[in-house]
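Asks: Dock chain to chain to rebuild the complex, using the hints, since each chain is given by itself in its own frame.
Residues per chain, in single letters:
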Amino acid sequence: MKNGRVDAIVIGAGHNGLICAAYLARAGKKVLVLERRHLVGGAAVTEEIVPGFKFSEFSYVVSLLRPEIIRELDLPGHGLQILPLESTVTPMPDGNYLAAWGDHDETRRELYRHSPLDADAYDEFGILMHHMAHAVKPIIGMMPPDPTSLSPKELLSLGKLGGHMRSLGARKFYALHKLMTMSSADYLDEWFETDVLKATKSASGIIGTFMGPRSPGSAYVLLHHYMGEIDGAFRAWGFQKGGTGGVSDAIAGAARRFGAEIKLEAPVGRVMVKNGRASGVALENGDEYHADIVVSGLDPKRTFLKLVEERELPGDFVASIKRFKTRGSSGKVNLALSELPRLTCMQPENIARWGGVPIPPERYLRGAISISPTMDYVERAYDDAKHGSFSKRPYMDVVIPSMIDPGMAPPGQHVMSIFCQYAPFAIEGGWDDAKREAFGDAVIDALAVHAPNIKSAIIARQVLTPADIERITGLTEGNIFQGELALDQLFFLRPAPGYAKYRTPVDGFYQCGSGTHPGGGIMGASGRLAALTILGERT
Amino acid sequence: MTYDVIVIGGGLAGLTSAALLAKAGRRVLVLEQRDVLGGLHSTDEIAPGVRGDAAAHDIGWIPSSVMKTLGLDERALALVRPDPSAVSLLPGGSTLTLWTDPARTASELQRHSPSDARAWRGFGERVARLAGFLQAIYEGPAPEPLASGATELLSMLGLGRKVRSLGSDGIIDLLRTLPMSVADVLDETFEHPALKGLVAASGVARLVQGPRSGATAFLLVHHHVGAPPGAIGSRLIARGGLGALAHALAESARAAGAEIRTGSAVTQIVVSEDGVKGVVLAGGDEITASTLLSTLDPRRTLLDLIDPIYIDPELSQAVGAVKYRGACAKVNLVLDGLPALSEELLRGALVVAPDMGYLERAFDAAKYGAISDRPYLEARIPTLHDASLAPTGRHVMSVLVQWVPYRLRDASWDGTRREALGDLVVDTLGDVLPGFRERVIAGQVLTPRDIEDRYGATEGSLTHGELTLDQVLFMRPVPGLSRHATPTPGLYLAGPGTHPGSSIASAARAAAVMGASKRRPFSRPRGDRAPLTR
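So the sequence lines, in the order shown, correspond to chains F and E. Note that numbering that gives the first Met the number 0 has the first sequence beginning at 0, numbered continuously upward. Note that numbering that gives the first Met the number 0 has the second sequence beginning at 0, numbered continuously upward.
So that you can see chain E by itself, here it is in the shape it has in the complex (with noise of 0.2 Å):
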């Protein structure tokens, strides 16, 4: 059997350009070093007879355009939009919830501070908006501001058109708030801590910065990309846990003709001079192709798996200075019991985040590579939206917990260390959340080396590289290879460490490079890759 394209990697970015690639015609096989399919999207054994998220357990945007080319809605894809989005944990035993109707969480809000109530409304609108804007670039390939050429004159037209529909409110707006930390932004906006610091959290989730950092605005409005407007800190799970999501991609990805296999660790990709010639496996099985799509980060692919010869020095070098930064850990609890809080409030992400100075100090302690004894922690229950993952009666709680350093100053990761993240973790939420810690029966601890470990990426950042604005659009993941395409013919790159850093986003823009898109001509800017740094 031959195949026109390989796809490295069985995660969200795999499987959708593989289902897309399928699709168009190509005869495709995904390649999986795991059993399960999913990578860091992936839902695993946590306990025996337990499952849950292993890694990240929200999304944030599928584009509409790859369920209809897949023939898929957020049914068959097990989606779920859980409300209320977010409830902050407060000192306590009080809660502060954010509705995806922005109606009720403004009514919501009129018992913390009349003004934020007010005001809330105008910044759901405000971030939908900007969020919207950016979401019309995400859908088109990266603007190239300095490539020539009519294609790219017409495609940075578009841009300025779609810009010039902000009218020039939106466009100061736009240009002003992205560079912006999300802590000036919401200081502008409200008054009241709890909402500040619940808000300031989607500025800096998965990010090792501050919310008094330049450009948390970006991230902020970049993690609303896709979410309805107003549904501050919406994102999306799965019935099932993302595994399900993941499994609905394959399925779609297979009907169409894909092969998928699972347990085959890739260790080499194979380049001569003209190009890409086939992949190594673990078990040094060799399987020839001309061209190749890694959802790998872009260090895995790009410095680890091909023979540094075959890299441009200089290109090496910027891959290598790319930031990563796994900023979070993972701890998944088993719980035989519900917490003391309302189940409808328990059904969104419970956000410990009481204030903007509390996160702000738990940022501080990870820049000296320490674990700040009062984290950011965001759990989810998935077991309320899915009660087969768990036996009866039984929980799942997810929890990531930022910012817990890649790289320990004054320590290295051990079983001792991961305990102790765990209980904090544990005493953390028992603290706000009344009821809990009696719960918890079981408990697992991936620190951001597990997940690299793991699931393979970086420094087990979540986002394969961080989100800011050096490292986003023509800069993602460095300059020259934001259009998917790399200087090894046949070599390309998809997954959220490429444009626009969203995994499925992404596998649908590489994919079109890649000719499974129809549209033509200025939305496919095939083989016309943007000038190298030199």
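Next up, chain F with everything else stripped away, as it sits in the complex (with noise of 0.2 Å):
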């Protein structure tokens, strides 16, 4: 098809492109995705770098996924298979670990082994997390109101949110005022006294975003990583077996089965509007399509500055697009490794002269390292990078993929992906390749502190900064996010007051992606919300 005419346009394949087009097709429009790139999946893909071994080369974990997408679309039909990832090690300063595992008891009685109050705080503190997810469930499935609005229809959704605010109870009510608003280390202060727990558990507050763990807002973040369901089960994190780009072929098939078409390696050039509606996409190379629906699954920034003219916007709204923070603040190491990290804490000696239960690698390597010894560790990594450097020490979450699904490496050898904060997009005259390698140097140097043996291991490695992410999958300034997980960037102002429903100022011209609420991870909710108001189920 060249130069066709469909119902509805989607630009790129990103898992919420892919969702949206998914839904417009169960309802039966003609649908077109446009993929700049030659495969499906945006930040969500698997690509072999080095030959034999597949990587997740961005999105690495899934667990935010929607369980009513998985559903609707029957993605475990078309491939999703999420394999759980269960445990966590944390290497500490003094050759000691802390690790949690998938069984609640056996945590407990590691955490026992630092503290026997933290043990005991530690079930209540999963109870109050796993009943502020509940709480924050149905705001995050929700249209956000506008609270500027005096519309009766406004109002009602307002008093819905207010009425549900309200039934949570006092307790409840004030605990989720201060995740909202607390740091993640005040707020995990209140509950441990671990510093190690502390910091691996804080950690989850800062990914993706340009906050300290002591710096207030980095609680929310926190939550939204709680959130997390596979099968129901809240706070399971899992991997999608082949890799993630796995999520967004099960997706992508769900799509087509409904009869969606998608187009590789055709990049929009701008959206075309003719007298205040979206008329269709003009590709780069010229090719236009036609469709009264346009939906653009890119990041604000990248969907109004770069795709529409701004003539076509108001000022204020392009202002609003313009302060929408992006700052990427993380970046990813993956390494193909011709024999597994042996973490020197996790020696069976070791364990015992810390009075631990010896593990197998087996078991503890199929689960999570996380490089967050301390609370200023983690801190001192985002010290370095709001002054305008990577972390010299940076924060790292390890997986090694292939211990799941052996199928992601030649016998015998591993995959590992590393997850790495701070890399800020911002960085001090810019990023280069010797700014790579540093930055590359460093996370291994810090990763061999804990498992000595890493750098022989490597046969292979790709260093990716900000700026690349960036530039291979478009996210601006590669925030994982589309946008920052900010207060003033959620909900209603997410990703500009006014237009936090999917709609934008052209008419006929709609967004799906992460920039929107409720925002980022592979969670879907943006892609099917914005199909439902499109299909006009949802206002």
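Accuracy of the hints is not assured; some may be wrong.
Below, in silico cross-link-like pairs of lysine-lysine (DSSO-like), each with a Cα-Cα straight-line distance of 30 Å or less [unchecked claim]:
| hint | chain 1 | residue 1 | chain 2 | residue 2 |
| --- | --- | --- | --- | --- |
| 1 | F | K159 | E | K161 |
| 2 | F | K177 | E | K276 |
| 3 | F | K177 | E | K67 |
| 4 | F | K500 | F | K177 |
Simulated from the structure, these hints should not be mistaken for lab results. As the structure is a computational prediction, the values presented were derived from the model and not from experiment.
Replies: This is the structure in structure tokens:
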């Protein structure tokens, strides 16, 4: 099809774009998805960067994907298969370690070794966070009401929100208020005394943000990451079999099955607007496609500042989009390994020394290794970034997907995915090859402190700075959430006041990326809510 | 003599509430542990023959309703609003000045950045609009989102009306701005580093957070409640030191019949199952009263002075979790002359915060329990507003040094460290203020720990607890206590540790709850307590 006409065009085959397309196609629309790259997925892709080694290049774990989407699109039928990621091991500076397991009692026993008080608090904390996640869940699934509107519908929606909040009861309401406004460090200080436990937990409060664990607002991100669900089980994280790209492939499969067409290597140059209405898109090569509905899954800055001519948009809207914060703060290092890392702290004689229970590597290496030895370590990593350089000693979330899915690497060999923070997009002097390699070296050095054999085990490495993430995926400034998850950029403010309901100032032009409510992670809620809006099922 | 109400603490909050309650016909006794009134806002002798503001050296807001009720005006309260508001002392001896008149500031900014000069008026209006809204909330009881009943509903609706009066752009701006970092707000608005540094200072003053931390924009707005529109960085001082303000309030309280005793430290609040019985003084004397208003910080009141068996464990846990975190040390210096800067500029707050990165780095050190060797300073020379504070030719300079940890990580506070801190302040000012070093002839250093020891403020917090979004409105001091009443019948709280985070305004709120207000019925949620955290 060239210069054709369809009912709806979706720009970008990221997971949200694909989900939106699938829902539109399911409702009988003729849908065309246009993707710039040679594969679907956006930041959720699997690529064989080194022959024989499959990297979940960017996004590497799944937990937030909405269960209703999995159900409604029958994603398991299209290949979605999440393998649970159950444990986390954090090496400590003194040679000790902290482990968290899938089994609650086992985690409790391990915590008891560090602090009996914390072991007790852990139960209560888990229950509270579970309640908090449930308290926020309806908000995630709802269209953000417009607090400035006096229309009965908006007031009703606001009233419902208020009613929901009040129905939580005092204890949960105040706890939620604290979560929304505190720093993750302070929040965790109220619960625990073990520094390494707080450091490891607080790390999930900084992922993808440009905040340190001591900055107010980070506790909310903690909660955001608590909302993961797999088959209804809260807080579980997992790998997609075959790498994260498999999630995108499953959604693409569902979309195709409902009749959507996905065109690869078809970069959109601009959205065509006639008399204030979207009429289609023009590719960079000049090909035109026409449709009354155009949806962008790209981030708000790319969508409104690059694809649409400024004169088609109100000035204050453009100003809002320009100041929308998309500061990329994280990088990724992917390794092909000839052997598994040997964590010094997990060697049997060391475990015995600290009074722990010996654990075989086949077990703990199936989970995550968190390089977050102390709260100060994580905070100092942020200090480097806010003053304009990458962290000399970054926080890292390390996983070895080939331990869970051996098909990811040749027999006996492994792939390792290292999410590292902070690597600011706006590094002083800008990113170049030398800085990228220096950053890669810093990451490896910081890991080698705890796994000395890592350097000799590396067959190949791929270092991705935020500038690389932007270049490859198109995410502005390499921000993995298409815009920071800060209180001033959530709910009815995401991405701009008055346009938080997937509509845009241009009639017929919609947005469905994670730059809209409820935000990032492979959650898919934005894509689904956008489709329902377009179909008139939600207003 | 029996009393209707005993007020613990002779600081601004205690004296204000005493005056208001006495005016309403109550027999009031104020008990102050020190020999001098004013608490954190007292004026003490800092060297022989020289007096100065001991801890805090300025205040933000005095509700006009309080002045009206007490029949006092700014003049009677010895208040001065210095102009310029703030002067940034920059490397190389140059300055950037904020005047109370935004037009004058804009023309000053012209030589630094024409685009910032253009943006100045709009920024001032924006801050004033947001501060006006906070003020509207602060003048009433803390909004309680969970409370029920017609009174609450009406008051929430009233609040909703106030919000709506901002207009839809105003609502968005309010909800968007308050949780932001002051750095983000300023980066959106201005370009000149020195201007951003100076304004950002107002968003982090007395707080252990840097300008890039979330919700520091809230604190910027909070600090402008009561300030004239466009007067960014403007605060009030008192002629003769803040102690003069305390004395004016004390006089007003006495005139209304209140009794004030200094040198009377309360060591225990006597409580029984039915409620408050009275207090025990340091000498062992017991004074009975069935109503007690404590203006000490909530931790001192609820955890130190009351037998724990009378405090619900969950409440005591919540109070124990309040973040105090004194941010500042105070260095008072005696000068034998003025530094080489125009006297007009020296009348404002002299600020060392040359850019936001400087502030951020100064804050960084405190996170790890250390003091930056490039600290953020805010200095005032009160003798320029009242020469009688020092012998002729001498001046007093009061310097708040931020961020100075209450607990040093690798050391404890001792004479050597105090002295080093004093030297650091003199050196830092000497670098940016020509002819300053030679003028210093004596000094006094008060660390946050000293401030705690002397004035009783937990961790030396000048605000009785940090002003962050999780500790304001219905969360201040803890959920359920924001309306000044406590679960102990007869015991009330006031002071900056309670809503709305300002001494005098909190006293007015507490006095209203205790029946000093004649207004009724909706603005007086008497005995209408929000649910506790359980």
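Asks: Starting from F:K500, check that the Cα of F:K177 is at most 30 Å away, please.
Replies: Roughly 27 Å between the alpha carbons, so the hint for F:K500 and F:K177 holds.
Asks: Does the alpha-carbon distance linking F:K159 and E:K161 stay inside the 30 Å limit?
Replies: holds, 21 Å
Asks: Check the hint pairing F:K177 with E:K67 against an upper bound of 30 Å on the C-alpha distance.
Replies: violated, 37 Å
Asks: Straight-line Cα separation of F:K177 and E:K276 no greater than 30 Å?
Replies: violated, 35 Å
Comparing the model with each earlier hint shows violations of hints 2, 3; every other hint is respected.
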